[in-house]
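Trainee: In case you want the letters, here they are:
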Amino acid sequence: MKYILMMNASKAHWDAYATWSKDDLDANVAFMRAFSKELKEQGVFVATEGLGWPQQAKIVRAGKDGEPVTDGIFPESKEFLAGYWIIDVESPEQAYRIAARASAAPGPGGTHGSMPIEVRQVLSGFADLGI
Amino acid sequence: MTEPPTDVPIEHLLRELTPQVLGIVARRFRDFAAAEDAVQESLLAAATQWPCDGLPENPRAWLTQVAFRRMADYIRSESARHRRENEAALEAVRAPHPATVDASPQEDDTLVLLFMCCHPALTPASAIALTLRAVGGLTTAEIAHAFLVPEATMAQRISRAKQSIKDSGTPFQMPTPEDRAHRLRAVLHVLYLIFNEGYTTSAGPALRRADLSAEAMRLARILRQLQPDDTEVAGLLALMLLTDARRLARTSAVGELIPLAQQDRSLWDRQQIVEGVALLSATLPKGSVGPYQLQAAISAVHDEAGRADNTDWPQILALYDLLKRMSDNPMVMLNHAIAAAMVNGPAKGLDLLDSVAADPRLADHHRLDAVRAHLFELAGDRTAAIKHFRSAAGKTGSLPERNYLLAQAARLSSDPRPIHNHE
Chain A
0 MKYILMMNAS
10 KAHWDAYATW
20 SKDDLDANVA
30 FMRAFSKELK
40 EQGVFVATEG
50 LGWPQQAKIV
60 RAGKDGEPVT
70 DGIFPESKEF
80 LAGYWIIDVE
90 SPEQAYRIAA
100 RASAAPGPGG
110 THGSMPIEVR
120 QVLSGFADLG
130 I
Chain B
0 MTEPPTDVPI
10 EHLLRELTPQ
20 VLGIVARRFR
30 DFAAAEDAVQ
40 ESLLAAATQW
50 PCDGLPENPR
60 AWLTQVAFRR
70 MADYIRSESA
80 RHRRENEAAL
90 EAVRAPHPAT
100 VDASPQEDDT
110 LVLLFMCCHP
120 ALTPASAIAL
130 TLRAVGGLTT
140 AEIAHAFLVP
150 EATMAQRISR
160 AKQSIKDSGT
170 PFQMPTPEDR
180 AHRLRAVLHV
190 LYLIFNEGYT
200 TSAGPALRRA
210 DLSAEAMRLA
220 RILRQLQPDD
230 TEVAGLLALM
240 LLTDARRLAR
250 TSAVGELIPL
260 AQQDRSLWDR
270 QQIVEGVALL
280 SATLPKGSVG
290 PYQLQAAISA
300 VHDEAGRADN
310 TDWPQILALY
320 DLLKRMSDNP
330 MVMLNHAIAA
340 AMVNGPAKGL
350 DLLDSVAADP
360 RLADHHRLDA
370 VRAHLFELAG
380 DRTAAIKHFR
390 SAAGKTGSLP
400 ERNYLLAQAA
410 RLSSDPRPIH
420 NHE
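Chains A and B supply the protein sequences, listed in that same order. Take numbering that gives the first Met the number 0: the final residue in the first sequence is number 130, and no numbers are missing along the way. Take numbering that gives the first Met the number 0: the final residue in the second sequence is number 422, and no numbers are missing along the way.
The reader is advised that the hints may include incorrect statements.
[Stated by the list, open to error] Using C-beta positions, here's what the derived DEER-type ranges look like:
| hint | chain 1 | residue 1 | chain 2 | residue 2 | range |
| --- | --- | --- | --- | --- | --- |
| 1 | B | LYS347 | A | PRO91 | 27 to 35 Å |
| 2 | A | ALA29 | B | ASP166 | 24 to 32 Å |
| 3 | A | GLU89 | B | ASP166 | 38 to 46 Å |
| 4 | B | HIS181 | A | MET114 | 38 to 46 Å |
| 5 | A | ILE3 | B | PRO8 | 24 to 32 Å |
| 6 | A | ALA29 | B | ALA79 | 29 to 37 Å |
| 7 | A | MET114 | B | ALA213 | 43 to 51 Å |
| 8 | A | MET114 | B | ARG360 | 39 to 47 Å |
| 9 | B | HIS181 | A | PHE73 | 55 to 63 Å |
| 10 | B | ARG360 | A | SER35 | 31 to 39 Å |
| 11 | B | SER76 | A | GLU89 | 32 to 40 Å |
| 12 | A | MET114 | B | LEU405 | 30 to 38 Å |
| 13 | B | PRO119 | A | PHE73 | 46 to 54 Å |
[As the list claims (entries may be wrong)] No farther apart than 25 Å at their CA atoms in a straight line, the calculated lysine-lysine pairs in the BS3-like style are these:
| hint | chain 1 | residue 1 | chain 2 | residue 2 |
| --- | --- | --- | --- | --- |
| 14 | A | LYS21 | A | LYS1 |
| 15 | A | LYS1 | B | LYS323 |
| 16 | A | LYS36 | B | LYS165 |
| 17 | A | LYS39 | B | LYS323 |
| 18 | B | LYS323 | B | LYS347 |
By construction, these hints were calculated from the structure, which means they are not laboratory data. All C-beta atoms, glycine included, are put in the ideal place defined by N, C-alpha and C.
Start from the sequences, fold in the hints, and give me the full structure.
Mentor: Take a look at the structure:
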């Protein structure tokens, strides 16, 4: 079963990230690289991506004639997806354990991280209603 | 054993020869993990060379020889690091030409391979991947494709599986007689899982995974040749044939699920039903009836009904009664409740569901809600049916299933007529 692990952060968190020291940034990047490598070695890795800065984010809706109408000024409290991993595991518990690893990414000043990771099942084409 | 005819497509030939060659190499070098890699390399070499150069005179000897050379290279590079430990293995490399020594497959090699690949030390997903590669002869890319994961991920999964087998210290030989029965059950379970992966994914973007059920049936047929007297091996093959016979009828052209009662039965594969029923009829009288035979028998009762209304539900209920006694599978309890509802009315089925709902394996399972919804509809309680269809839709991990369940809720909410009561 596949799960997506999503890192969400508010604009304030993004802004704070921009002020991290070089050492803190290096430690974070090194952690992320090692984490992806770990997923690959465990044979559970499907995909991972990091997303652009929220300043560039736009909400697009279809206008009257289907033309794009964009909206881009968001409240400070809004959470933005920062990045995600998709993993293929054998149980939800295994997904939670991996999410806890991601959550422990080091924070600023060498602090021990506990970033919230949203875990959602990716729907399969698998159907077993017994028919 | 005779060579297959030369007009067989190369791919089929290679897949047929895979377990034979791997058996020869693993037996000789006593290193399953390395032998499996060497055979994969020889298969890749054959897949690139044979279409240009034509089939070698003896394809199996050709593959064996290439795999032996790869093993020799591997052992030389390993022995550079651990010279002493590998003296024995080097002896094997120095031995005479493989074609003149021991290149004939032994009947039991494929069986030993199945036991290795379905080793209890492996998780189901690892056992499935390894079985498909080592016994089924699929490439890592093909297996990765079937499970919609990157090839590197699947390669890693297979290599970890082989490492687990290595760590378990299991030699490449037949399990002891005491072990054999439960190891065979593990093999049957893995083949069943492979079948289900394919069968339950015959809709939508993953249509190609249907190949997995065909592969599971091919492996079950091979296992049946190796264990012709085992009634559960026959039962599993019969179950696969009788279930797969309904494949074309169970989804619409756009991939919607169609429940058994509404399937166009003219689309069922008669030939497969005849074969499955014949296999089952020959097996049941041998005694020692197990869960696969019972499930096959239930499938056969469904398959033999010309119309859904003619289904012999009392017979199905009796079979589920038996199955429930020998299987602790919570899905069996659900199906038993459905059969009881069809025979004794939906109230009886709902009572049975209440009595199993506390099982932690079912408490949060979408199928409990889906079955309840179905039985509430039969009982004429539209509101409860809608509520449970929606609740089931919220719990399923499958997109086609969610679409199906929401469509049922929508159908009941929009239908102004009173619900027809089947009682």
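Trainee: The structure should be examined with respect to each hint, and the outcome stated for every one.
Mentor: The hints, checked one at a time:
no.: 1; hint: B:LYS347 - A:PRO91: 27 to 35 Å; in the structure: holds, 33 Å
no.: 2; hint: A:ALA29 - B:ASP166: 24 to 32 Å; in the structure: holds, 30 Å
no.: 3; hint: A:GLU89 - B:ASP166: 38 to 46 Å; in the structure: violated, 19 Å
no.: 4; hint: B:HIS181 - A:MET114: 38 to 46 Å; in the structure: holds, 44 Å
no.: 5; hint: A:ILE3 - B:PRO8: 24 to 32 Å; in the structure: violated, 39 Å
no.: 6; hint: A:ALA29 - B:ALA79: 29 to 37 Å; in the structure: holds, 34 Å
no.: 7; hint: A:MET114 - B:ALA213: 43 to 51 Å; in the structure: holds, 45 Å
no.: 8; hint: A:MET114 - B:ARG360: 39 to 47 Å; in the structure: violated, 32 Å
no.: 9; hint: B:HIS181 - A:PHE73: 55 to 63 Å; in the structure: holds, 59 Å
no.: 10; hint: B:ARG360 - A:SER35: 31 to 39 Å; in the structure: holds, 33 Å
no.: 11; hint: B:SER76 - A:GLU89: 32 to 40 Å; in the structure: holds, 34 Å
no.: 12; hint: A:MET114 - B:LEU405: 30 to 38 Å; in the structure: holds, 34 Å
no.: 13; hint: B:PRO119 - A:PHE73: 46 to 54 Å; in the structure: holds, 53 Å
no.: 14; hint: A:LYS21 - A:LYS1; in the structure: violated, 35 Å
no.: 15; hint: A:LYS1 - B:LYS323; in the structure: violated, 31 Å
no.: 16; hint: A:LYS36 - B:LYS165; in the structure: holds, 23 Å
no.: 17; hint: A:LYS39 - B:LYS323; in the structure: violated, 41 Å
no.: 18; hint: B:LYS323 - B:LYS347; in the structure: holds, 17 Å
Hint check: violations occur at hints 3, 5, 8, 14, 15 and 17; the rest are consistent with the structure.
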